[in-house]
Each structure stands twice: as structure tokens, then as C-alpha cells.
Amino acid sequence: MSTPGPLWLAFALLLAPVAALATLAWPVDAANPARRWRTALLVSAAALTLALCLLGVAPALRGEAATFELLRLTPQVPLALRADALGSLYALSAAGLWLLALIYALGYLQGPNQARTYAALLVGLGAAIGVAYAANLLTFFVFYELLSVLTYLLVIHDQTPRALSAGLTYLVYVLVGGSLVLAGTLVTFAQVGDLSFQPGGSALAFGADPSSLTLAFLCFLLGFGVKAALMPLHGWVAEAHPAAPAPCSALLSGVLVAAGAFGLLRVSFDILGLERLHASGLLPWLALASGATVIVAALRAWQQDDLKRRLAYSTVSQLGYVTLALAQAAPLATLGALVHVVHHAFMKGALFFCAGSFAHVSGRRGMAALAGMSKLAPFSAAAFTLAALGLIGVPPLAGFVSKWWLGLGMLDADAPGALVVLLVGALLAAAYLLPVVYQLYLAEAPPPSEGASGRAHHVDHKPGLVIAIAAAVAVTVLLGLAADATGFPLALARQAVSERFGGG
Amino acid sequence: VRAQVMRASVAATAALTLLAVALLAPVIAEHGSVSWQVPALVGELRFRIDALSALCLALTALLWGAAALHAGPTLAHDPPGRRARYHATALATLLALVTLFSAADLITLYVGFEWLGLSAYLFVIHSGTPAAFRAGRTYLVLTLAGGFAVLTGALLVTSMGGGDLGVVLPLTDADAELRLAAALCLLLGFGVKAGALGLHVWLPGAHSVAPSSASALLSGVMLKAGAYGIARTLTGGVDTSAGTTALRAAAAAAVWPSQAQLAVAVLWWGVATMLLGVALALRQRHAKRLLAYSSISQMGVVLAALGAAGVLGGAGAIGWAGAVAHVLTHALAKALLFFTVGAVILAAGSAELDRLGGLARRLPMTFALLLVGAGALMGAPGTSGLISKSVVHHALEYSAGPAGVATFGAGAAAALVWAERLFVLTSVGTAAVMTKLVVLTFFGRPRSLAAERAREGSWALRLAAALPAGALVLLAVWPVALERPLASQLRAWGLPGGEVGAWLSAPLRSGADLGAVALAALAGVALFGLVERSALDRRPLPAALSFDTGVAALAAAWARSAQRLRQRRAAAQHTWASGLGAWRIASRWRTPGADGGAIERRFAQARRAALRTDAVEARVRVAWRSAAVAAWRSAHRAAARLDASWRLARDHAALSEAERSELLERTRRRIDRRSRDIGLALSALVAVWLLLLAAFRFG
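One line per chain: the protein sequences are A and B, in this order.
Convert by adding 19 to the 1-based position in the first sequence; the result is the number in my numbering.
Convert by adding 618 to the 1-based position in the second sequence; the result is the number in my numbering.
Quick caveat, the hints were computed from the structure, so don't treat them as lab data.
Just so you know, even glycine gets a beta-carbon here, dropped at the ideal spot from N, CA and C.
Every clue listed holds true.
FRET-style restraints, in silico, Cβ to Cβ: (1) A:Arg383 / B:Asp1295: 28 to 38 Å; (2) B:Ser1179 / A:Leu307: 30 to 40 Å; (3) A:Arg181 / B:Trp1176: 47 to 57 Å; (4) B:Gly1116 / A:Val443: 47 to 57 Å; (5) B:Arg1287 / A:Val443: 29 to 39 Å; (6) B:Leu1300 / A:Val443: 13 to 23 Å.
Facing chain A, a subset of chain B residues (Cβ under 8 Å, in silico): (7) Val660; (8) Tyr728; (9) Glu732; (10) Leu736; (11) Leu773; (12) Thr776.
Let the hints inform the model, and build the full structure from the sequences given.
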């Protein structure tokens, strides 16, 4: 690994952070004519990053992973990137959702902290790409921690007391989780002497001590479990999501929580390997915790009055599917888990975007404030309905496809109990999302005041908001209707699974 | 304008569907089916239109076109936004049904099924009244649960390598339980949509609050989507590709663990549904609720015919023929009835039978059309009702005959004789229900000012009703229209289809069939007279028959048996403890050097333990008994309360008309809510039980 590989990988990683530095040069001022340039720079940086990620899809599908060595921190472990199918899958969903969130944020974010948040957004995009393409556990850990810390800036954007306290909660949870991941990394390194990700597991090649590796896996489970919102480690989710501005909540749900699940997948399949996973004896416990997470979080979501809290708990529940499928350690279930990570990201993104525009129109939180919203913001209401149906798993939307593969995977892994959890979770998803739709369309609307309707007009005609919502919903529909098309997440996931399970 | 565009596109889609079916008909006749694939969703959506699909599609298109006509005057007073929503819903449900009826595999079927269920919610809540939202909530909960049951079934079947609606599943012994679970999930899921007993609680509310043109669609076609699903579930194992002449039973045995048992369960489910449906229909005083309960009953007939087809196995062609013929008859007749009742509501301003009357002279065309529909359900000659009811009747007769004996042995087949008798009883009830509808609406003196001033409405109402009426008569005088597709479908399933023509034309010439129909009609009229004279339908249900008492009795019986079980267990524990003590004494005695005091102590200890157990058991027994008594009491209190309010509503002459009807309405709602809650609770119980069973078997 002495020669640096294809340069596009480095570009994908560094483009957005460099652009972020450039944006800091322009002062934020509504009257500033340079504002338009800044917007163009932000959007084009994110779009270019997405394009570069798309560039890597074709070779990844063929099973040829491009690699690039950034620098050598330690003699044994370089800081290196590698664009295999699994990484490309996560990179695509992260870059795609990031672009949409950025476009949304341009129409949504207000106040004096904009410049900081935009910079954090762009650097965070780079970190997310680093997480996706990391070639070894050390690289992964570096970018993962970077992403966690940058996200703190997104959570506290408003700098209200509420946001600051939520940010503190978030930081404590995530740093403790990160330190556990670091502990796991150290144990692994001490035992194996190699941290590179290899499909099938790098730990197998060496005569490592099984009990130490079980300890490492436990550390990873707890560490990534915090980020993946595995109950009872989910405490930060319901605080951070409502406090963050809508586009940042979308990223928290779609990319950051997913990063925990992604890390768990990486470590399980590419470091420990299937045999060690089964030998550790922790999988049944993981399945139990995930099953409980799916059901309990869905029930908690049902109780919430604040729409964003509801959606946050829904994320906890939905990511529970992913870990539940991971705990089966079977090819079809893993396929479902990978696809669900991507599909869920876009659906939840659309839902948070819409929640943001509802909050913008009514200026209040709570279900009662949503009554009659279909008249005030018809476009957002329709988009919310579609995305909600998708998340419930109504065909032919994205959620159905991932739930179909998850369900088949559970049966394939001979775990009908998990299938029951999946279906009960989906039924509960209907129970906590359909009342929102009911409020939007059918509930008795309060008498509209002049101010409210004026703002409504404003929201459904703000180009940034409309474009982001429309694109997220379009992706939701497209991922469902054409799920099996080449280059779509399903194909990438198939490749990733076949690399790890052989032929699957 | 938006509403008009939507309405036009509904009509256009319906016309296109009809045209497509007409164009495909010769191809289907030649090749058995037409299939194509669309790459989408998980892999591809696969479609196949065979004769049964074509029949259902033609029926759907015809009724949707008629409903689009009828909707014009029905919705004339709604705000334009709501009208647009209605027509958009009609378009969505039409597309969903086209998907459903032309599906080639379970996934595609599920796509149509789910969209049908979700979009029809907008029909139910159309009027926006609290009653509509209440009915809508019940509807949505059951529809979602049914949809997920179907999805579970589809997942299970697909994971076993099946899913195509026309291909045999690979047969492995290990899969027997999974296959049973899949079959049950599919049956329960489709049963919700078909309004089968226990899962029907959504139906009366939903069908009576929807606008008449939508009720016609809900009752006429959407219920059939459930029956269609059950039919496809039962025939899912027929090998069409191989073109073998293997009898159906042999092929189907490869699919579900015990096809015959499944079929006989469906048969009795159908019989129970038809009886309860018709009994409840006879009690209704609201025209649309009456029709809704009658729909439940008629779906029971269809289920019974499907069950009979399964029971008959290789000789089941007559059952399938009966089921398909009755699906068509009931769909057309019930749509016709809802259209005409809708016209009556528009003209006379109410669907309460107590506010109608004497409309025969005022609405002569509507009267004549409604007579055709009512006659078809009673089995009158000249309509396809005679044919379909007679064929179903014969199918039930045969299943109690040698074929049933061959499958189940003489004892079980003797029970099937009762299925046939209960079918006859249902026919009498149906005749009474239809007589009630006709007599109370059209004869006697008008019982309200609006009924006195009623005039025929728009021509569109009558034309919409005339379309299904024409189809009913056409099927009777030209049975070839039904015979050819039926025969082709039966051949595709590997069954002899040659006799279909004879079955379809026999009832017209057979004295027995005509006599049976005439007798049933006469008995029905007599039954109606009896009910009306004794005002049975205005009386509260006797406590012995009410749901509450039944549940209380069940609870008490359960408590008693549980108590007995506990007593037995306590006795066994006592014996065990004493025996243990004795054994210990004995063993100590044999041991050298054992001291007697210790033995004595141990014996006392054992006895004390046994007595303690006894005390606990006694306390539990007392608790059970008091709980049972409390349940009894509350049930009786509830029954008394309902009874009192009924009596109040009926007898209190001092109350004004409005107060009286409000009181009646409230009471009926309370009864409805209670029976719905109990139905839901029972279904939940069954679901939990199934889950436990599944977890126990597979977990």
C-alpha cells in the first residue's frame, strides 16, 4: 500500500471541508451580494462530492475496490480509504441526504450562527465520507469521532438553553460511546496486530484469543450501540433531534444514527468475521435488545406529542430493525439491513424536512398545531403522507422493499420471532405516523389568522425547502419502484453481501 | 373542474379496462391466460390475466362506470374539494383493483390489496361526520391488520420458494407448520376484506356511512377482493404450466398441509357468516345497514361455496362455478340495490325505513330496478340469482354426499348435511330481508313528509342502476357469457369443465330448483310478516342471545374449568406431598441409625407444606369466583341498561320525534360499539393466541 491510489477518493474526502474554509471567508449578511456565491459554492461542493461517490459505484459493483493511502500515522496502520460496495452504499446515502439537507438548510436556517453551521455541515460531509470509505478501523474511528463532534455544532445551532442542554447530553453520550469504540479498537489491535477491514474478517487469520475478541465485540456493541440508539443507550436521540434545526435532525437520523449501525456492520463482518460473531455468544443478546428496541421505541413514539420527538423515536425503532437483522448474521437479513439503512435515511429525511416546514408555518410544536396543515402547506402535507406510507412499508415505496428483504431474511435465518417483531414494529409505525396524517388532513383546523396564511404561502414557495422535500420524496418513490435497477442501493448491498457471505 | 376531470378519468379508465378485457378475451380463450412483467419493486411485478381475472376485471369496470354516473347527483351538494377527493379515491381504488385482479404472484396481489384498503378509507370518511370517522377508525385498524396478515403470508410463502398464484410449492415435510401458518395468515387477512364472521365488525358502519355510490363499490366489488384472495389461496397449488390432468386435490395437497381441513374450516366459517349476517340484517331499520349486513351474509354464501369446492377436491368444479357465479350475481345485485336505495335517499331524504313507504307510485322506475336486485338475491328466475344460488346449493349437497364421505368419513359428512340445511334457512332469511326492504320502502303509506313529496331524480341515477340490472338479466338469458370463461378457468385448474353449461342451464328447467326458490321466497315473506307483526326487530335482543351474556357465560365457564383444574392440581400436590413424606419416612426407617423424631418432623413439615398450598388454592378459587360473579353482574347490568333505553325510546310517547330518533340512534351506537369491542377483543385474543402458538412452534 505504498502507492497512492485513485485521486478521486481524496477529492471526495477533502472537497467539502476545503469549500467550508472558503465559505468562512464570506461574512454572513442578508444584504451581502456575495451571499449568492456562497450558496453556489456550498451546493456545488456537496453535489460534486455526491458525483465523486457515484463515480466509485461502478467499480465497487464489479468488486474492484479503489484504495487510497492518505498518510501513515503509525508504522502498522495507515490512514487509508477504500471504496468497496459496503462503503459506497453508505457514502451514497450520506452524500445524497447531505446535499438535500444543505439545500433545505439554505432556505431554512436563520440567525447569527449560520456561517458556523454551514461550515460544520460541509466538514461533517467530509467526515461522513471518511467514515464510509475508511479502509481500516483506525481511519474509521478518526472520522467517526470527527463526525460526532461536528454534529454537536449542528445540534446547538439555535443556542437556546434547550438546545445547549440537549447538546451537552448528546456530547456526553457520544463521547462515552466513542471511548468504548476506542477501547474495542485497542483490544483488537493488541490481539490481531492489524486493523484493516477485510470481507470475511481480518481477525480470523491470526491466532487471536477468542475471549479477548469477545470483549472487543462487547465494547463495539456498547460503543456503536450508543450511536445506533440501541435501547437502553438511546437517551440522546429524543433530546438532540427536536433541539436541532430540521435539516440537521434529518442528518442526525439518516446519517449519524446510521453511522452507529454501519460501524457495527463493518466491525462484525470485516474485523471479527462470522465465526467469531457466532462464537462470541453475544448475538442472541443483541437480537433481544434490538427486538425490545423496535417495539418499545415504537410505543414511545406513539406517546409523543411533539412531531420531531415522535420521528426521533421512530428512528430508534427503525434502526432497531438493522441491528436485529445484523444479529441474525445471515446473508438475506444483512441484505435487508443494508438496504434499510439507505431507504430509511431518505424517508426519514423527507419526514424531518416536512416537520420543519410545518413548524415554520405554525410556529408551535405539538400535534394540535398540525390540524388543518394540509390547507396551509399542501405540498409538504402530501410529501409527508407519502414518506409516512413509505416508512410504514406500503408498496410500492422504498420502505416496503427493505422490509420485504428484512422479512425474507428473518425467515431465511429461521427466526420467525424476529419476523413477528418486524411486523409488529411496522404496525406500530402505522399507529404513530397515521395519526399525524390524520391531523394534517382531517382534523378540525383552527380559524386561520392573517399572519399564519402569509407564512404558509412563504413556505410552500421557498425554493430550497420545496426542492429538498420533492427530491427526498422522489428518491423514496424511485427507491421503491425501481429498487432492483443496476447501481441502486439494492445492487450495491447484494455485492457487499456476496463479498461477505460468498455467492449470497 | 378538478372533480370533473377526475370523474372523466375514472370513466375513461373503466372503459379502457373493459376494452382491454374484450380484446384479450379471444387470446385468453385460446391460451388460458395472458401474462406480462414489469420490472419494479422487488425484482418485478408480474401480471397474468386468466378467465377468472377477466371476469372480475369486467365486473369492476362495469360497476365503476355505473358508480361514476351515480356519483354525479349523489355528490351534488358536496363542496367541490370533497367531490374531487371522492373521484380521486374512485380512480385509486379502480387502479388498485385492476392490479389485484390481474396479479400473477402474491407480491403484486399484496400491492393492489394494500392500496385498495388504504384508499377506500377516504370513501368511508367521505361525509366527515363524527360517525364517519368512528367507522373509519374501525375500518382502518382492521384493514391494516389484515394487510399485515397478508404480507406475513406472502413472506412465508415466498421464503418457501412459492408466491406465484399458479405454481405448486416444493413439498418438504419440514415446512408443514410454516405452510399452515402461511395459509392461516392469508385466510385471516383476506377474511377481513371479505367480511367473514368475527372480522366483519368494520363492515356495517363503513358501508352505511359512505355515499351510496361508494357503498355500491365497497359492497359490490371490494368485498370480492377478499373472496378472490381466498380463492387464489386455495387454488395456489394448481399446476397450470405442466398441463397435467391430475386432479386438483392431489395437486393441492402439495401446497397446504391439509387442504381438505382448511376447506372445511372455510365452509363452516362461511355458513356461520351467512347465518349471522342474515339474522342481523333482519333486525335493521336503516336501509343501508340492512344491505350491509345482507352483504356479510352473501359473502358467507361465497365462502361456503369455496369451502365446498375444496371439500369436493377433484369433483369441486361445481363449487368453484357456484362461487364465481354468486360473486358476479351478488356484486351486480348489491351494487344495484345500493344505487336504487341511494336514489330513494336522494328523493325521500332518509334511509330510515320508518320514514319511507308508499314510494312505488312516486318512484316507479327506481322501484322496478330495485325489484330486479332484490329478486336476484332471492333467486328469482330471469335473473342470474336463480342460477348461482342453485349451483351453490347443489355444491353443498354434493359435499355432504359420497365425496364428503370419501374425504372425511360418514360422521363428518353427516355434519355437512347441516351446512346445506342452514344454507336453505339463510335463503329464507334473505327472502325475508329483501321483502322487508321492498315492502317498507315502497308500499303502505308514506311515513314522512319528504317521502310524500318524493319525485324521481336525475336520469343518471336510473341509468347507473340499469347497467347492473341489465347484466343480471343478460347472464340469466345468455349463460354462455358465464359458461365459457368458467369452463376455461376450470380446465386451467385441471378440473373437468365440460359440465358447466349443464349446471348453469339446469335450474331454469329443474322443478326442484324452481320449487326450492319459490318455497324459500314464500317462507321468507311469511317470516317477514311474523317479524313485522311481532315487531321483533324493534325489540332488544333477549339477554340469552346478546353478545354480553354470551361473553359473560364464556368467562364464567372458563373460570369454573380453571378452578376445577386448580383444585385437581392442588389435590395432586397434596397427594404428592403426603406421598413424599411417607416415602421419606419409609426410607429413613430403612436407614440404620435414623432417629424417629427427625422423621416425625419431616412428615409434619411435608403435611404443612401441602396444607399451605391448599390455602393458597382456596384463596385463588374465591378470587376467581368473585371475578366471575362480577362479570355476570356487569353483563346483566349492561343488558338491563340497553333494554331500558330501548324501551324508553320505543314507548315514550311524550318524547318528540327528534328526541326519539336521537335516543334510538344513541342506543344503537352503544350496541354497535359494544359488539365491535367484543369482536375486536376476540380477534385480538385469537391473534395473541396465534402468535403464542407460532412462537411456541417455531421460536
